[in-house]
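These two chains come separately, so use the hints to put the complex back together.
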Amino acid sequence: MSAISRSREKWVLLFPAILVLSLITVLPFLQTVWTSFTDAEITAREQQVNWIGLENYIWALTDPDFLEALGRTMYFTVVSVGLEGVLGIAVALLLNQKFRGRWFLRVIIILPWAVPTIVNAVAWRLIYHPDYGALNSLLLQLGFIDSYTSWLGDPDRALNMVILADVWKNFPLVAYIALAAMQTIPGDLLKAAAIEGAGAWKRFHSITLPWIIGPMLVVLILRTIEAFRVFDIIYVMTRGGPSDGTKTASFYVYQEYFSYLRSGSGASYAVVVAGISAVLILAYYAGIRRDQRGA
Amino acid sequence: MHRSLFASFALYSAALLLTLFTLAPLVWLVLMSISSPNDLTSVPLNWWPTEVDLSRYGHLVDLNNGAGHRFLAALRNSLLTAGGATLIALIVAVPAAYAFSRRGASLALLFVFLATIMMPPITYVLPLYEIFGGLGALNKTTTLIIVYSAMLLPFATWLMKSNIDVLPVEIEQAAFMEGASTAFTLRRVVLPLALPAIAATCMLSFLVAWDEFFYALIFTSDLSAKTLPVAIADFSAGRVTDYGVIASVGVLATLPPAILAICFQRFIVSGLAAGSVKG
Numbered sequence: 001m002s003a004i005s006r007s008r009e010k011w012v013l014l015f016p017a018i019l020v021l022s023l024i025t026v027l028p029f030l031q032t033v034w035t036s037f038t039d040a041e042i043t044a045r046e047q048q049v050n051w052i053g054l055e056n057y058i059w060a061l062t063d064p065d066f067l068e069a070l071g072r073t074m075y076f077t078v079v080s081v082g083l084e085g086v087l088g089i090a091v092a093l094l095l096n097q098k099f100r101g102r103w104f105l106r107v108i109i110i111l112p113w114a115v116p117t118i119v120n121a122v123a124w125r126l127i128y129h130p131d132y133g134a135l136n137s138l139l140l141q142l143g144f145i146d147s148y149t150s151w152l153g154d155p156d157r158a159l160n161m162v163i164l165a166d167v168w169k170n171f172p173l174v175a176y177i178a179l180a181a182m183q184t185i186p187g188d189l190l191k192a193a194a195i196e197g198a199g200a201w202k203r204f205h206s207i208t209l210p211w212i213i214g215p216m217l218v219v220l221i222l223r224t225i226e227a228f229r230v231f232d233i234i235y236v237m238t239r240g241g242p243s244d245g246t247k248t249a250s251f252y253v254y255q256e257y258f259s260y261l262r263s264g265s266g267a268s269y270a271v272v273v274a275g276i277s278a279v280l281i282l283a284y285y286a287g288i289r290r291d292q293r294g295a
Numbered sequence: 001m002h003r004s005l006f007a008s009f010a011l012y013s014a015a016l017l018l019t020l021f022t023l024a025p026l027v028w029l030v031l032m033s034i035s036s037p038n039d040l041t042s043v044p045l046n047w048w049p050t051e052v053d054l055s056r057y058g059h060l061v062d063l064n065n066g067a068g069h070r071f072l073a074a075l076r077n078s079l080l081t082a083g084g085a086t087l088i089a090l091i092v093a094v095p096a097a098y099a100f101s102r103r104g105a106s107l108a109l110l111f112v113f114l115a116t117i118m119m120p121p122i123t124y125v126l127p128l129y130e131i132f133g134g135l136g137a138l139n140k141t142t143t144l145i146i147v148y149s150a151m152l153l154p155f156a157t158w159l160m161k162s163n164i165d166v167l168p169v170e171i172e173q174a175a176f177m178e179g180a181s182t183a184f185t186l187r188r189v190v191l192p193l194a195l196p197a198i199a200a201t202c203m204l205s206f207l208v209a210w211d212e213f214f215y216a217l218i219f220t221s222d223l224s225a226k227t228l229p230v231a232i233a234d235f236s237a238g239r240v241t242d243y244g245v246i247a248s249v250g251v252l253a254t255l256p257p258a259i260l261a262i263c264f265q266r267f268i269v270s271g272l273a274a275g276s277v278k279g
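If you're matching them up, the sequences are chains A and B in order. Reading the first sequence from the start, the letters are residues 1 to 295 in UniProt numbering. Reading the second sequence from the start, the letters are residues 1 to 279 in UniProt numbering.
Quick caveat, the hints were computed from the structure, so don't treat them as lab data. Ideal placement from N, C-alpha and C gives every residue a C-beta, glycine not left out. Some hints could be false.
Which chain A residues stay away from chain B? Per the calculated CB distances, all over 10 Å, these [said to hold, decoys possible]:
#1 ILE42
#2 ASN50
#3 ALA134
#4 THR149
#5 MET182
#6 ALA193
#7 TRP201
#8 ILE225
#9 VAL271
#10 TYR284
Covered stretches of chain B (chain A as the covering partner; in silico rule of three or more C-beta atoms under 8 Å from a C-beta of chain A) [unchecked claim]:
#11 15-21
#12 64-75
#13 120-128
#14 164-170
#15 208-214
#16 251-259
Bound-form chain B, shown alone (with noise of 0.2 Å):
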């Protein structure tokens, strides 16, 4: 179909706007934690950088720089958090989600284990404060691995449920009859098939660990396990007057996330869509 010339010209101004609108704020970001702070505190702003000042990032990735050892010690803990929690949710999701698959388990339970991750965190958080407390297991990553594998369990085991659907069921019909075991079926025939499914799950369930907020804020208390989320939320609560700061911790937190999004959109997509619309 051919576009008149004034079509054109529409379309070209909304691509152009949604890009604008899309990366202003990421590029901003980014200018934000290379400009000096002189170019930051004037009035109009200084919106290019005079000189390009990568001093803040020397000093997070720096151990004895105080706010390098803050950033690297929430580095480290968000890390370990997310990376347990994605662990241990995809170990128990993949049997789960064989038994909703292959066995025949009702559907209406997966709906139950759904809709405990979309009632808010507040209906949950005090018994768990308090139990936890009780046990002297606050502060620590492992109670935060354990409370997040929770919170990913339920849309992990969606998703390698909705991919085991759809692998032949004919080469495990076959390791049955040759005698195997389901755990050895599980682990030696479901489990290589479904490689790139568990791969896409891992990924998103560690992007969701990665941005976690309310939990952290709640159960840690210092460095010892306080997460990204929540070192970023301290940082920019009054302890660091350069706004310059702020910004760089705020561009290394985004990176991860963003390279994987970039990286393996498709995955993304479609897993989010996977669980967000289809049943």
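Just chain A, with the same shape it has in the complex (with noise of 0.2 Å):
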């Protein structure tokens, strides 16, 4: 086969796909940025669309209640890959052991990962109920608590309560990559450094730990990526409220579309938040580099 019809077949072979990412996200997407510029809204009537420039980026960029947005989704992104990282390395740890009912464990531990966001979402808002919610009832025959709480009520406390749903959802996809990544630890190297004294937080820091730091880097920032973005369970579980508590911004973007009708602002902010997440896809794509290089 020649070189020309190898190079033309191979353009045959990738058109659907780019045909159906073009349609679907790319034209989308640029279409987002346009409105961005405008001062459209979402209307059954025929509008007259303004081009106003910058005018909704500086509203966006000043905007306090879409900043403080920006700063929660922040939070819970930090928060929540923070103790996913931390956990999942913790659960590999362990599961790298030898211990009898080892297996059942490594097998359960897939079972928070196959539960549907939504489904989580839901059994963790019952299990917050404040009225009759299994969190509340535990504590208080435990001896924790002397009356009922509201768990999501609370403006401060809310996030957290959601982070912590989050994250006993998403930790078994960090354990099982920090567990494979040990598992091509040699043996020897441990043994090695055991016999010569080192104890086993040593032998953590200095084997292990840099051993499986570039495929957890890769995980962190791909779960980054995802906890950025964070709507569904925010949907389920609060609604954004109480008092925006919270509202983060892929459901600020959701209401300025969908409650608010303008799509002009809403677009500008959707652009912002892109921004962030084209900087962390970079990033991803630096740190498998990385990784492949140091591999």
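And the structure:
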């Protein structure tokens, strides 16, 4: 086959994929960028759409509510991904030990991952229920609290409770990847270190951690990208409340579009969110390259 | 290596704690689904049901019951949407993966593919909503299938590419020597060899589509297209006062992915690892 026909064939093979992705993602994204420079609204009647330059962006970047939502999203992202990282590594260390019943734990750990996001949100909302929730009942019966508490009713606490639910669902993925990385550590390396008198912490710190840091970095950045766009669990558990205490960036844009019907300004918020995501995505690729060079 | 008594104790305590943390919310969800409404609203809770009540599951699979009708319609929509999107994504992804693996298509393009699913859906949703609205295509399973196939495509391409990479290239070359076309070779040589990879990719894609909520929430409005996640969010938003019903819908929606995850754990874990870590 000639080089030219091979190259043409490459594009024939790629064409359907490029077509689908262009129509469903790339073009809508460009449309969103364009809309962000206009005063468009979502309405059934004919409307005059005006080009208003950077006005939406100036508004967005000086809007304290939006900036707070961004800050809240970063808090959610950093705390949940941080906890998932620590818990994931701890669980992997445990599952890498030999003990009776280990196979059982290794199997069931996948269950939280398998629970659909919405079911997870609904289940934890019931667990946190202020009047009949399992958490209240458990803590009361164990004597940790004197009376039932509205876990999701306090704006300062609600986000942390949502984070706990999110961590429960997402730590298995991190744990499995940490475990897979740990299993590639040559046993002799750890044995030799132990013989030379390195304690458990020293071995973890100077052998295990550097060995798994590459894959961990990549999976944690991936989780960061996912956590940053958090919407589903918020929608079901709190609808952004109470008093906006859990209103994250995606939820903010969603309301700007579908509650206030302001597509122009909503689009500018969306583009700001997309810009931050783009930085994270570039960090992800940098992480992959680093990981490959290291491996 | 021998462990001290203390180390063993610590190890088994940690294992027990992890088991409780992992299973407690799930066990409680199942218990809620079979407890009577009275047990669920007592303070403090009646943890173990006074009598096992399976009636909610009976109602949910009964088309003549209001909740059952909603549940079964959503189940049908979810199966059609996730199944259809998986099928389309795979049909489009396999040739693309072959181009990346064997025809020297630039990996930068694959990274662009992957970047499209890493962007928040909120950046695509409004133009899609307006376009589909203009075409009169909102609240249709077909619309969700199209959107979902774009969502599944990059990951499926990536997984299939890394699997085709490790197939022996000699067999394909032999087929080309015999004068076979690329289409023929793909269908008759590559596909049979890649069957396990295709099965794994299908399963992961199906699970992702089964889980999707955001687009379904915005693009569907009634039982003709609403998927299970949207129906569950509706159930929990107050139309139902018996928490046991919400719990039983949750249990039923979790069963298919949970069974797949347990049975095909090795597949899934290595697929996820490949998707998130390997370059």
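Worksheet item: Where does the structure disagree with the numbered hints, that is, which hint numbers, in rising order?
Response: 1, 3, 8, 9, 10, 12, 14
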